[in-house]
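Each chain is listed here by its residues.
2 protein chains.
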Amino acid sequence: MAEKKQVEQITSRDVDFAQWYTDIVKNADLVDYSSVKGCMIIRPYGYAIWENIQSIMDRRFKETGHQNVYMPMFIPESLLNKEKEHVEGFAPEVAWVTHGGSEPLTERLCVRPTSETLFCEHFAKIINSYRDLPVLYNQWCSVVRWEKTTRPFLRTREFLWQEGHTMHATAEDARNETLQMLNIYADVCEHDLAMPVVKGPKTPSDKFAGAEDTYAIEALMHDGKALQAGTSHYFGDGFAKAFDITYKSKDNVDVYPHQTSWGTTTRLIGAIIMTHGDDNGLVLPPAVAPIQVVIVPVAQHKEGVLDRAHALYNELKDAGIRVHIDDSDNSPGWKFAQYEMKGVPVRIELGPRDIEAGKCVIGTRHNLEKSDASLDGIVETVKEKLEEVRQGLYDIAIENRKKHTYDCTTLDEINKALEENGDGFVRAMWCGNEECEDGVKAATGVGSRCIPFDQEVLSDKCVCCGKPAKKLVYWGKAY
Amino acid sequence: MAEKKQVEQITSRDVDFAQWYTDIVKNADLVDYSSVKGCMIIRPYGYAIWENIQSIMDRRFKETGHQNVYMPMFIPESLLNKEKEHVEGFAPEVAWVTHGGSEPLTERLCVRPTSETLFCEHFAKIINSYRDLPVLYNQWCSVVRWEKTTRPFLRTREFLWQEGHTMHATAEDARNETLQMLNIYADVCEHDLAMPVVKGPKTPSDKFAGAEDTYAIEALMHDGKALQAGTSHYFGDGFAKAFDITYKSKDNVDVYPHQTSWGTTTRLIGAIIMTHGDDNGLVLPPAVAPIQVVIVPVAQHKEGVLDRAHALYNELKDAGIRVHIDDSDNSPGWKFAQYEMKGVPVRIELGPRDIEAGKCVIGTRHNLEKSDASLDGIVETVKEKLEEVRQGLYDIAIENRKKHTYDCTTLDEINKALEENGDGFVRAMWCGNEECEDGVKAATGVGSRCIPFDQEVLSDKCVCCGKPAKKLVYWGKAY
Numbered sequence: 032m033a034e035k036k037q038v039e040q041i042t043s044r045d046v047d048f049a050q051w052y053t054d055i056v057k058n059a060d061l062v063d064y065s066s067v068k069g070c071m072i073i074r075p076y077g078y079a080i081w082e083n084i085q086s087i088m089d090r091r092f093k094e095t096g097h098q099n100v101y102m103p104m105f106i107p108e109s110l111l112n113k114e115k116e117h118v119e120g121f122a123p124e125v126a127w128v129t130h131g132g133s134e135p136l137t138e139r140l141c142v143r144p145t146s147e148t149l150f151c152e153h154f155a156k157i158i159n160s161y162r163d164l165p166v167l168y169n170q171w172c173s174v175v176r177w178e179k180t181t182r183p184f185l186r187t188r189e190f191l192w193q194e195g196h197t198m199h200a201t202a203e204d205a206r207n208e209t210l211q212m213l214n215i216y217a218d219v220c221e222h223d224l225a226m227p228v229v230k231g232p233k234t235p236s237d238k239f240a241g242a243e244d245t246y247a248i249e250a251l252m253h254d255g256k257a258l259q260a261g262t263s264h265y266f267g268d269g270f271a272k273a274f275d276i277t278y279k280s281k282d283n284v285d286v287y288p289h290q291t292s293w294g295t296t297t298r299l300i301g302a303i304i305m306t307h308g309d310d311n312g313l314v315l316p317p318a319v320a321p322i323q324v325v326i327v328p329v330a331q332h333k334e335g336v337l338d339r340a341h342a343l344y345n346e347l348k349d350a351g352i353r354v355h356i357d358d359s360d361n362s363p364g365w366k367f368a369q370y371e372m373k374g375v376p377v378r379i380e381l382g383p384r385d386i387e388a389g390k391c392v393i394g395t396r397h398n399l400e401k402s403d404a405s406l407d408g409i410v411e412t413v414k415e416k417l418e419e420v421r422q423g424l425y426d427i428a429i430e431n432r433k434k435h436t437y438d439c440t441t442l443d444e445i446n447k448a449l450e451e452n453g454d455g456f457v458r459a460m461w462c463g464n465e466e467c468e469d470g471v472k473a474a475t476g477v478g479s480r481c482i483p484f485d486q487e488v489l490s491d492k493c494v495c496c497g498k499p500a501k502k503l504v505y506w507g508k509a510y
Numbered sequence: 032m033a034e035k036k037q038v039e040q041i042t043s044r045d046v047d048f049a050q051w052y053t054d055i056v057k058n059a060d061l062v063d064y065s066s067v068k069g070c071m072i073i074r075p076y077g078y079a080i081w082e083n084i085q086s087i088m089d090r091r092f093k094e095t096g097h098q099n100v101y102m103p104m105f106i107p108e109s110l111l112n113k114e115k116e117h118v119e120g121f122a123p124e125v126a127w128v129t130h131g132g133s134e135p136l137t138e139r140l141c142v143r144p145t146s147e148t149l150f151c152e153h154f155a156k157i158i159n160s161y162r163d164l165p166v167l168y169n170q171w172c173s174v175v176r177w178e179k180t181t182r183p184f185l186r187t188r189e190f191l192w193q194e195g196h197t198m199h200a201t202a203e204d205a206r207n208e209t210l211q212m213l214n215i216y217a218d219v220c221e222h223d224l225a226m227p228v229v230k231g232p233k234t235p236s237d238k239f240a241g242a243e244d245t246y247a248i249e250a251l252m253h254d255g256k257a258l259q260a261g262t263s264h265y266f267g268d269g270f271a272k273a274f275d276i277t278y279k280s281k282d283n284v285d286v287y288p289h290q291t292s293w294g295t296t297t298r299l300i301g302a303i304i305m306t307h308g309d310d311n312g313l314v315l316p317p318a319v320a321p322i323q324v325v326i327v328p329v330a331q332h333k334e335g336v337l338d339r340a341h342a343l344y345n346e347l348k349d350a351g352i353r354v355h356i357d358d359s360d361n362s363p364g365w366k367f368a369q370y371e372m373k374g375v376p377v378r379i380e381l382g383p384r385d386i387e388a389g390k391c392v393i394g395t396r397h398n399l400e401k402s403d404a405s406l407d408g409i410v411e412t413v414k415e416k417l418e419e420v421r422q423g424l425y426d427i428a429i430e431n432r433k434k435h436t437y438d439c440t441t442l443d444e445i446n447k448a449l450e451e452n453g454d455g456f457v458r459a460m461w462c463g464n465e466e467c468e469d470g471v472k473a474a475t476g477v478g479s480r481c482i483p484f485d486q487e488v489l490s491d492k493c494v495c496c497g498k499p500a501k502k503l504v505y506w507g508k509a510y
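Residue numbers (the working numbering), protein chains in the order written: chain A, 32 to 510; chain B, 32 to 510.
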């Protein structure tokens, strides 16, 4: 299939993290650049990861009663302008369509940066009675935000995402939905992506344009920087009022419904890379790995090797495992490096002596360990190994986060912790004033990430102004 | 769940087909209009049909070795201009992005109307050796063509589709791929959508912009108009030359690879409506029906009815059948009308007397027949009924096509056949000249649809000019 190309040495993760990331994205065949500045081509291996994420998320959405829809990709300027805070947040970074064919448009259209306005226009038509609520919609699509600086998966002018948009009879229902979806995101990240996250509201200055409350899940990357991996917003009835969406209550009174939206994006692939990758390349959590197990026949020219390897392939495939066999004429050593670069969680080596002994060699990507395993009951062994990788990845990530989470009570402590131990999550108390949020950032370089649900009291004083503290906040440098 | 709204009477199919279509699209909750002119909102029930079509197609693509990717939605003007015929075909109908935020772009970008140019730019980078071939890619996305007149699903400014793009070492390989994908489309249409199609090349005047050959599947709608349901193109090496894509052969010679592309769209939903729908609403082929079976409890307030209905629901659901139970307080009659409008293939009614007798009433949507069925072995019965609906729909469609296919040897015969029997497929011989193609259309109103693979000789003379005929052609009025 593939030409025998050299598996290139990538930059060491600890030497230059940014270059290491770029090397992985390229060498694991995840992405290619195009002549469309700031946009990425997602190659088959990268897209297959996204399809697996989609499939897991979509199942969770449907299990909780959500339905998929598709809204137009364009938003007329007048529609975008309907909710004041929302348009102020997004107008500076949208792409404008001004011509259809050779004709100028009478009203310019923006390419959707997010679709609250389109959903609201539709909700106004389909919501009439309390019986119509809740409306629980989601869509999978691409959106465009005209970013100045871009990096594959992390920040691109076009990206793929899902955006959930829901309407509820009461504020309480909408708040529950907001948290339910945040919890689903956290659960998928922690379990399926083996990536620990901190959950909680953003500070008021960091809310989504038009939202009353924005909640986020924040993950710590291997380099100690924070990445926002998903957000869930509670809108109250602000958009409902702007778009004149009302429903008749049981008592026949016109009421504004309460709204949420929530989203995750292809950025999650960037998060996977930066949480689990190492100097040999990508390391993929089994739940989203396009190839969960690769079989590498050894001395495959010898009689019976390929036959037995293919029998093994079929056995694993029939068990629902995503398995690949590489019987190309590349050397086993080349293949090992290749599938390590691609982050395949489990590798099976099978040679003539193994076959004779009724065994194979099975290796796990996250710790590069290998051991013998009987070919009898190999399906169970593989499943155990996949779970071992998942748990192993999670443990490593938790360990890294522990090592790079610093409890601080003064700005000096923050600077000292960052200087001595490198970037990480800073946990410190906050009085609730935006000036102090800015003050922390100016003095130390870390910004507020979220106000964790799991509150503790590290001190009774704000880390910045020394006045009474209200909340424990996670601070960090952000992607 | 839903408010008790009247199931509205729709326009009769034979009175006003266009209005009937619009009524179904609206009353079956498939689509809503938005303030974005010419674009549609695909509602949950419509989108679920698309998801089912996607799932069937995607499995077929992957089984034949294709991989999904994602290309940017924008194409720089200079890139679109690279292949002359292609840009001439598409430039008049593209939407142009001219501004990012408040800044004018240095080069305007079109929103992709199709992605040959983007794929070719990428192919030039990833194809180097004969070992890299074939490259078999597909993407699911939305595309934009600035149409003047639009109708939901049939012709909209934005629509959802899949576009396959492949590169091959030889012309023969590429031609085989072109036909393989055409055959997969035909197979999905005939089997899963129960919609008979005619397969064959388009005439040269009707080829895709930049293609050497365009093949299509053509279906006859209930009103006798033809609908192009999918196309597959053979490009030769024209784009490869324009984009400087070459590979080293085994003999180390630089060779241009040969290319294909192929696509199907949300238009297929329009085809389903117009092939199978009737005066009671939509009729869905079971393979793509979001709800395959609806259970309507009768006298559900009586003891044991809802329990038994839910047990039946679980039994069918566990068997992998897409089943819905409507235990709302709407009347059974309202429910019957509602699920007929939505085209649910099989309906089960279950009341106290049925339960006592260990049976239910099972009805099929395509012929509105119903009969008793034992609750023992109901899963098998339902599966048989679903297959009965599929086969029944196909038979009705074939019958309609037979009735509205006219073999003609003169222009007068064409006009007479259309006048006496209504619109339909005209089968008539053609000399191969574009003037005669135009001549037939001018004299009779029917245009060439395709040159069927199944050739017959109806006459040795061209139906238009009377000179020696080369091919049997299907003619029709097109959507």
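Because the hints were derived from the structure by calculation, they are not lab data.
Among the clues, some could well be false.
If several chains are the same, the list does not tell them apart, and a pair holds so long as it fits within one copy or across any two.
Stated by the list, open to error - List of simulated lysine-lysine pairs, DSSO-like, C-alpha gap at most 30 Å:
1. K156 / K238
2. K57 / K279
3. K434 / K68
4. K93 / K414
5. K508 / K272
6. K179 / K501
7. K57 / K93
8. K272 / K57
9. K414 / K348
10. K256 / K179
11. K502 / K57
12. K333 / K256
13. K238 / K348
14. K501 / K472
15. K93 / K238
16. K68 / K272
17. K57 / K156
18. K156 / K68
19. K333 / K281
20. K57 / K281
21. K348 / K508
22. K57 / K113
(message) Are any of the numbered hints broken by this structure? If so, which, sorted upward?
(response) The structure breaks hints 3, 5, 6, 11, 12, 13 and 21; every other hint is satisfied.
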